[in-house]
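Student: Sequence:
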Amino acid sequence: MNDDLTPILVGAGQVIEKGVDPAEAMGPVELMVEAAGRAADDAGIGRKKLADLDLLIAVKSVVDVLTVNGILNPIQNPPEALAQRLGAHPARQYITATGGNTPQMLVNQTAQRIAQGRVRLALFAGAEALDTMARSLQTGLQRDWTIPSNSDPEMLSPERDGTNAMEKAHGLYLPANTYPLFENALRGYYGRTIEDHQAKLGQLFSRFTEVAANNPYAWFPVQRRAEEIAVPSPANRYVAFPYTKRMTAMIKVNQSAALIMTSVGFAREMGIDASRWIYLNGCADANDHWHVTERVNYYTSPAIAAAGKKALAMAGVTIDEIDFLDLYSCFPSAVQISRDMLGIIENDPRHLTVTGGLPYHGGPGNNYAMHAIAAMVEKLRNNPGKKGLVTANGWYITKHSLGIYGTEPNIKPWFREAPSSYQAGIDAQPHPEVVSTPSGAGIVETYTVIYDRDNEPNQGIVIGRLKDGRRFLANTPQD
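My numbering puts the first residue of the sequence shown at 1, with every later residue one more than the last.
Careful, some of the hints might be misleading.
Just the calculated beta-carbon pair ranges, DEER-fashion [said to hold, decoys possible]:
#	residue 1	residue 2	range
1	Gly46	Ala134	45 to 51 Å
2	Gln203	Val435	35 to 41 Å
3	Asp196	Gly271	52 to 58 Å
Result set (DSSO-like, lysine-lysine): computed pairs, CA atoms no more than 27 Å apart in a straight line [to be verified]:
#	residue 1	residue 2
4	Lys245	Lys168
5	Lys309	Lys379
6	Lys412	Lys168
7	Lys412	Lys386
8	Lys309	Lys386
9	Lys18	Lys252
10	Lys18	Lys379
11	Lys309	Lys412
12	Lys245	Lys200
13	Lys49	Lys467
Quick caveat, the hints were computed from the structure, so don't treat them as lab data.
Model, not experiment: these values are computed from the prediction.
Idealized CB from N, CA, C, for every residue including glycine.
Produce the entire structure from the sequences given, and follow the hints as far as they go.
Tutor: Next comes the structure, spelled out in structure tokens:
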């Protein structure tokens, strides 16, 4: 392969807007425009060069979904609106499907297109303005973010619902209800008492706040003790046991991030200094059994294990040779399962985030991993010769994308193995039959208890097995 086609990241931009009058605050497109501009400045190519983009992809925003449902006026075609603002009219334009894995997946897929000579200059951007939207609604302010279009955005990949009808009926469509099921299964797997495990969760995320406290783009740049995170209080109520508010992703933010990718050859042509180049040394994408009720168990992820093995092999390194980590952190269970599947020991001295994580940096919908990659780019530029790993997760520990980054290229020519080659083995793993009308004795695999805003327990969700091995899903009475 021609070395000139080696894919690299050359620009990264982040934006945070906090404490601004809702009437003056930027909307999602304005946030993306600013993040894209900062990425261009970071690459040293100037913002006008964005007119030469041949690929532009917008990450689907939660605001996009809410506006469609009539809460605010819609931005009908976000990638088109962004392209118009940047003057990038010739660029092919797409919007992503739902999923926190999408920013890393975009890097992986686009790197392959660059290596094949199909893309020269690509931009990815995403934004959330949910804090502005919420404060506007509270004050009765009608923000008009309408940007009409003659067409709907083209989807990069088909949208697929993360839950089936049975799971929705039992409340599993809400991430805050579903991730605690993995957490209590982990507690059983680790053999811990409730008290011991709760303390461990506080310790785990206390280290995340150490990073957030020093991140200028963090929504909550505050270092917290383990007890402040793990122990429920009026300011830190339970959301769903065992998760408190301070263990939960913070989606009500105004944040944006953008990345620019190109090839080594075109970077040279544009005059981008080689010290700005960041190589994608390894990558992989994989899905677990799609529906939560079909999982092999609730404390492992065969997909993360397989993707981690492939990404590390592509980069030619072991997990112990990775210097910086950002494990997707919407809830503690996502971190622990990724950590375990990648072979990282529990008390590893490395921080597991470069941003502070979704509860403290902020979790801007599907776009958090864009911020993680942007932060990793800066981290590696400041530490030449080091390597960093970013994991990204969509739905309910369902969709996974991994990227290994470095300041030096691989020894071998860049090549991405087709995910389908290892996805088949994951899909073939057995899973129990799910019964819709269970009866008789059963064994609890995992559970959670949902709390209301007054910190009162409201209802339980139970996943278990009947004596014949079939799996069941149930709710407790609302008492």
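Student: Against this structure, judge whether each hint is valid.
Tutor: Hints versus structure:
no.: 1; hint: Gly46 / Ala134: 45 to 51 Å; result: violated, 36 Å
no.: 2; hint: Gln203 / Val435: 35 to 41 Å; result: holds, 38 Å
no.: 3; hint: Asp196 / Gly271: 52 to 58 Å; result: holds, 57 Å
no.: 4; hint: Lys245 / Lys168; result: holds, 23 Å
no.: 5; hint: Lys309 / Lys379; result: holds, 24 Å
no.: 6; hint: Lys412 / Lys168; result: violated, 47 Å
no.: 7; hint: Lys412 / Lys386; result: holds, 18 Å
no.: 8; hint: Lys309 / Lys386; result: holds, 19 Å
no.: 9; hint: Lys18 / Lys252; result: holds, 11 Å
no.: 10; hint: Lys18 / Lys379; result: holds, 24 Å
no.: 11; hint: Lys309 / Lys412; result: holds, 18 Å
no.: 12; hint: Lys245 / Lys200; result: holds, 16 Å
no.: 13; hint: Lys49 / Lys467; result: violated, 64 Å
Violated hints for the displayed structure, listed by number in ascending order: 1, 6, 13.
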